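Sequences are here, hints too, so could you generate the full structure?
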Amino acid sequence: MAAKVFTIDGQQITATEGQTVLDAAQDAGIAIPTLCHLDGVMDVGACRLCLVEIAGLNKLVPACVTKVTDGMVVTTNSERLQRYRRMIVELLFTERNHICAVCVSNGHCELQSLAMTLGMDHVRYDYTFPKCAVDPTHRLFGIDHNRCVLCGRCVRVCWYIEGAGTKNFSGRGTQSRIVSDLNAPWGNSRTCTSCGKCVQACPTGALFSKGAAVAEMEKDRGKLEYIVTAREKKQWIV
Amino acid sequence: MVLAELVEIKERELAARKKALITCCLAAGCMSSDGKLVKEALDRAVKDAGLESEVEVRGVGCLRLCCEGPLVMIDPPGALYQKVTLADAESLVGTLKGGTTSVQRGDPASAFFAKQMSIVLANSGIVDPERIESYIARDGYFALRNVLRELSPAEVVSEITRSGLRGRGGAGYPTGLKWATVAKTESPKKFIICNADEGDPGAFMDRSVLESDPHRVIEGMIIAAYAVGADQGYIYVRAEYPLAIARLQVAIRQAKQHGILGSGIFESPFHFNIDIRIGAGAFVCGEETALMASVEGRRGQPRPRPPFPAESGLFGKPTLINNVETFANVPPIILNGAEWFAGIGTEKSKGTKVFALAGKVKNTGLIEVPMGIPLREIVEHMGGGAPSGARIKAVQTGGPSGGCIPADHLDTPVDYESLTKLGSIMGSGGMIVMDEKDNMVDVARFFMEFCMDESCGKCIPCRAGTVQMHNLLEKIIARKATARDLQKLEELCDLVKHTSLCGLGMTAPNPVLSTLRFFRQEYLDLLAVETQRKTSPPAAPPAPANPA
Chain H
1 MAAKVFTIDG
11 QQITATEGQT
21 VLDAAQDAGI
31 AIPTLCHLDG
41 VMDVGACRLC
51 LVEIAGLNKL
61 VPACVTKVTD
71 GMVVTTNSER
81 LQRYRRMIVE
91 LLFTERNHIC
101 AVCVSNGHCE
111 LQSLAMTLGM
121 DHVRYDYTFP
131 KCAVDPTHRL
141 FGIDHNRCVL
151 CGRCVRVCWY
161 IEGAGTKNFS
171 GRGTQSRIVS
181 DLNAPWGNSR
191 TCTSCGKCVQ
201 ACPTGALFSK
211 GAAVAEMEKD
221 RGKLEYIVTA
231 REKKQWIV
Chain C
1 MVLAELVEIK
11 ERELAARKKA
21 LITCCLAAGC
31 MSSDGKLVKE
41 ALDRAVKDAG
51 LESEVEVRGV
61 GCLRLCCEGP
71 LVMIDPPGAL
81 YQKVTLADAE
91 SLVGTLKGGT
101 TSVQRGDPAS
111 AFFAKQMSIV
121 LANSGIVDPE
131 RIESYIARDG
141 YFALRNVLRE
151 LSPAEVVSEI
161 TRSGLRGRGG
171 AGYPTGLKWA
181 TVAKTESPKK
191 FIICNADEGD
201 PGAFMDRSVL
211 ESDPHRVIEG
221 MIIAAYAVGA
231 DQGYIYVRAE
241 YPLAIARLQV
251 AIRQAKQHGI
261 LGSGIFESPF
271 HFNIDIRIGA
281 GAFVCGEETA
291 LMASVEGRRG
301 QPRPRPPFPA
311 ESGLFGKPTL
321 INNVETFANV
331 PPIILNGAEW
341 FAGIGTEKSK
351 GTKVFALAGK
361 VKNTGLIEVP
371 MGIPLREIVE
381 HMGGGAPSGA
391 RIKAVQTGGP
401 SGGCIPADHL
411 DTPVDYESLT
421 KLGSIMGSGG
431 MIVMDEKDNM
441 VDVARFFMEF
451 CMDESCGKCI
461 PCRAGTVQMH
471 NLLEKIIARK
481 ATARDLQKLE
491 ELCDLVKHTS
501 LCGLGMTAPN
511 PVLSTLRFFR
521 QEYLDLLAVE
531 TQRKTSPPAA
541 PPAPANPA
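Chains as they are written, first to last, in the numbering used here: chain H, 1 to 238; chain C, 1 to 548.
Keep in mind that the hints were calculated from the coordinates and are not lab data.
All values derive from a computational prediction rather than experimental measurement.
Mixed in with the good hints, there may be bad ones.
The calculated PhoX-like cross-link candidates involving lysine-lysine, where the alpha carbons are at most 20 Å apart (straight line), are [claimed, not checked]:
id, chain 1, residue 1, chain 2, residue 2
1, C, Lys348, C, Lys421
2, H, Lys223, H, Lys234
3, C, Lys421, H, Lys59
4, C, Lys497, H, Lys59
5, C, Lys317, C, Lys184
6, C, Lys47, C, Lys36
Computed from the model, here is a short list of chain H residues facing chain C with C-beta under 7 Å [unchecked claim]:
id, residue
7, Gly45
8, Ala46
9, Leu60
10, Tyr84
11, Met87
12, Leu91
13, Tyr125
From the three backbone atoms N, C-alpha and C, an ideal C-beta is built for every residue, glycine too.
Shown next, in the form of structure tokens:
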């Protein structure tokens, strides 16, 4: 396996064979904003925040699923990309009812920190104020669709890490919702193992542990890292 | 099946011809206006007149002038009858015995028919789509036999490459190149998919091809499978096309019975099967990666490319995906040679294109024209112009992914590059004509609503961006928008076009962008009054504002 040398934002860095642009950039300490990416779970390139420019390519590509090739010249932070990212986060805020002040994840929320780091200080589009339900039927956890960004991280940990296949999408477009089983109340799910990985994977306060009050829901990503490392490298992180 | 049997079927079929042939259109358009009942009435009338031994009544595919259906053709003398009703059957059969009829006559020599050039639709309206013998009588499956017994897979690919055939699904990717890529990808298992998930509003080309000549598509698929080395094919057809599905099922069953599908086709070592997969009503499943996910039984959502289907497609195997019309072009190319096909059309766009001509024209229906024909000939000569004598304003091609071409560009030749240059696309073949009564902002809003409803919801720009663009267009139409809103709309178009995951999102802004390009004034006219005043100060001083 030959190492690849390529350029990101004028800086030459190396990548291993088959490594993605996002991975290599993170190894080199270059931050590319992400939302649907979660270390340890397969990438789907859905949130479009990690889009980067590659010299010689006239379309933008998601860094999370683009493999590094030798001599690739990547720009991660052009004015245009920054503008697009701000607009994408703006669109996310218009889509559901994200009220940080009453959210369990206030202060620990990836959407909130994305908005801050990307300089999205206000939303120029009309809020859609959809009527979304809260499903509190599970014994330990709840899901508040008002705060869901449909990144699909919960679905992917449920299918590919836990292997339970409880969570999935229903509907399409803006009517998409995360459902348990075939749209059963979560508490009635026959497949849910109550492992809580979906809750820990969720970037916002959409999935939460019951009992958490405003700003109290801190997600523990360590659990996922522990399982993935144990599986892939046969190492047990203490 | 061997060549001798094929020839025998053809000869038997030709020998069984009767003196006169009455063809009744049994494609979806005429069926919806009682075409089936008309055919049954004609059957009875022929029997009552005691002409059974001399006259054949044949249900056929599309006779093209859909707006005048149900259509009946009597040959000889080659007369086309329009808007035929049950009561007309007797007098129509009477014409064969020298009688007269009051049924409205169509003119098969009119521009609508005369300017057409039939390659894909060559059998449409002639063969009985439910009888394989009828297709064989028109040299059906002879191309396949030649390919399997005379040509190597590489020669087939080279033939298609030299023909210059490009994908008829809309993007116009060179078909030969696609076949070559799949052929060269090494894998013990490969798939062929026929994309029949036609979803553009107003488009019905693929439906008509499948309803009129399903064997043609099957033959094209088998040839493709041989060329790239696949042994399993799928036809992904939308559930909204029940007649096309039924005829495909019949056609596949007949092909299997005749040893044209299955193992040892034409006594060669080649084996291939086709299954039908029925779409569940999502427009996005016409996108190839979403289509494959749907065939695999997963949620029909696109995924980023690369890897392209040619490398890792259905079930992770190399997969060739072509549109219905692309496959339908294959048998004639093999039969007549690549040079013949390459001699038709323009330098970069070869052959013909089938369009579903609809909207504000006198003659609506299915047309097949050579590439490079000026748009004006289609709209004004073949279509006959706007029905009420109104001025034609624009032509929309490419459905929700395309754009509107204004009337002063009607002399543009219809080929991939020229249409792209005008901010539209060839698309799969929907062509909607608009006259001066149509508001272009409303057209843009219609298509945006369509994209918003059909967005799968996977990527944010398409899912939330189309909602915001639709909101802004609604606001403009309600005369509540400002110049700032128009700017926001343009920014969103730019975002959604460049950041969406799949073709649906990337092209969703096209109807807005193209109407903004050619009909910007219509947007400006709809902006709220106060902004108009701000942007263009009136000559007279504004009336004193109400002191509030």
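Results of checking the hints against the structure:
1. C:Lys348 / C:Lys421: Given that 20 Å is the threshold and the Cα spacing comes to 14 Å, the pair holds.
2. H:Lys223 / H:Lys234: holds (15 Å)
3. C:Lys421 / H:Lys59: Holds - the C-alpha atoms of Lys59 of chain H and Lys421 of chain C are around 18 Å apart, at most 20 Å.
4. C:Lys497 / H:Lys59: holds (10 Å)
5. C:Lys317 / C:Lys184: At roughly 13 Å apart (the allowed maximum being 20 Å), Lys184 of chain C and Lys317 of chain C satisfy the hint.
6. C:Lys47 / C:Lys36: holds (17 Å)
7. Gly45: Constraint on Gly45 of chain H satisfied, holds at 4 Å.
8. Ala46: Nearest chain C Cβ about 5 Å off; hint holds.
9. Leu60: Interface hint status for Leu60 of chain H: holds (6 Å vs cutoff 7 Å).
10. Tyr84: holds (5 Å)
11. Met87: Since the shortest Cβ distance to chain C is 5 Å, the answer is holds.
12. Leu91: It holds, given that the least Cβ distance between Leu91 of chain H and chain C is near 4 Å, below 7 Å.
13. Tyr125: Holds. Min distance 5 Å.
Violated hints are absent here; each numbered hint is respected by the structure.
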